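*Asks:* Could you slot chain D onto chain X? The hints should help.
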Amino acid sequence: MSALLNNKNGQLKIQQMIFMLLAVTLFFILVGLFFVSYKATNLQKEVASLKKDKADGLVGRISGNPEFTFEGKSNAIDADKLMILQTENKYTFVENGRRKAFWGVEGIIVRKIYPLGEDIECTRDNYPDCNLIKLFTNENSAPSSSFVSWCTKKNFQGVNYDKCELAELMIKESELE
Amino acid sequence: MRLNKKAQEEMVGFVLIVVIVAIIAVIFLGISLRNSGGDVGDESEKIGSFIDVVSQTTTKCEIPTAHFQDVGNLISKCSQGKLCDGCDGETCGTTKSACEVLKNTLTEAMKSSYVVSEGSYVKYYNLTLYYELDNELLIEPIIMGPQDNCLGDLLFNERPVYSGGEKIKLSLEVCFNN
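For the record, the sequence lines run as chains X and D. When the count follows the numbering used here, it moves up by one through the first sequence with no breaks and lands on 177 for the last residue. When the count follows the numbering used here, it moves up by one through the second sequence with no breaks and lands on 178 for the last residue.
If you are wondering where the hints come from, they were derived from the structure by calculation, not from laboratory data.
List time: in silico SDA-like cross-link candidates among lysine to any residue, alpha-carbon distance up to 20 Å: (1) D/K5 x X/N9; (2) D/K5 x X/M17; (3) X/K73 x D/S49; (4) D/K111 x X/S145; (5) D/K6 x X/G10.
Just so it is clear, the structure is predicted and the values come from calculations on it, not from any experiment.
So here's chain X without its partners, still in its complex pose (with noise of 0.2 Å):
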């Protein structure tokens, strides 16, 4: 009477340590869950804040790309520089068989925003009396942008001189490489 006894007691406590058990794996289950189903809700807003980021820094690159740049100068971009690429009609070349896009963007935007005045885009008939160069694209905007100087050279009575104004670089990037 008393093994059987005994051995009630016993099944009774490994159907505790099973329910146990159970619970536990449940509980770290539902936690498991509950975290992947937040990190996938918030996987897309990841992904298009990397995107972001990374044309963020893509805009950072090309203002300082020697083929942009005024003088050095940080954050400045060369006009004239831009009024010659813009005969580019292209955005891609080829490269070991593979077509690739020049700087990794599919179009350029520079538009000023001080001193202020209605959109001119340049060519080369109204250059420099103007205010927006687009190169590789029509579109009058693009997703990420920076500001930056809009730099020229100047003559004012025989003096030389630098003139920045404020602008803003906008690009859309390209999907090649």
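*Replies:* Using the frame of chain X, we list chain D on its own:
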């Protein structure tokens, strides 16, 4: 006595579970806080680069004639109490001081860069020029929009400008609506 011991064991188990849950929650909170901090720093860096760009913007002030000053140099000329000899190719006369041209340039540059209006992305901005030594203002602060509680992102950055032996700081605070 035996029952008491069993109750104690149960309590220890319960406390253990609570501690484990708390640790998981803290880790989880830490990860989410670390992720959300990124944007603020990035935007502040953008404000820093905006200050750099504004500092190298050429103004209409000529000191001496035909030598156009950029904002960075004009801050220094303003602190020395200089007058502009010419303004954009024309004679300024005694009415236009370096400080006056500086204030006008900064006001216009801010207006065209950060638009503040009903429902706009920017709620307000505050651009200040002050001496680092005693916090004395060089020119009146340029403020646009109501400076009450900023419920969105309040971003800030500043850059030093040197004038003689003195350090002047150009600081900008922008409140963005969410």
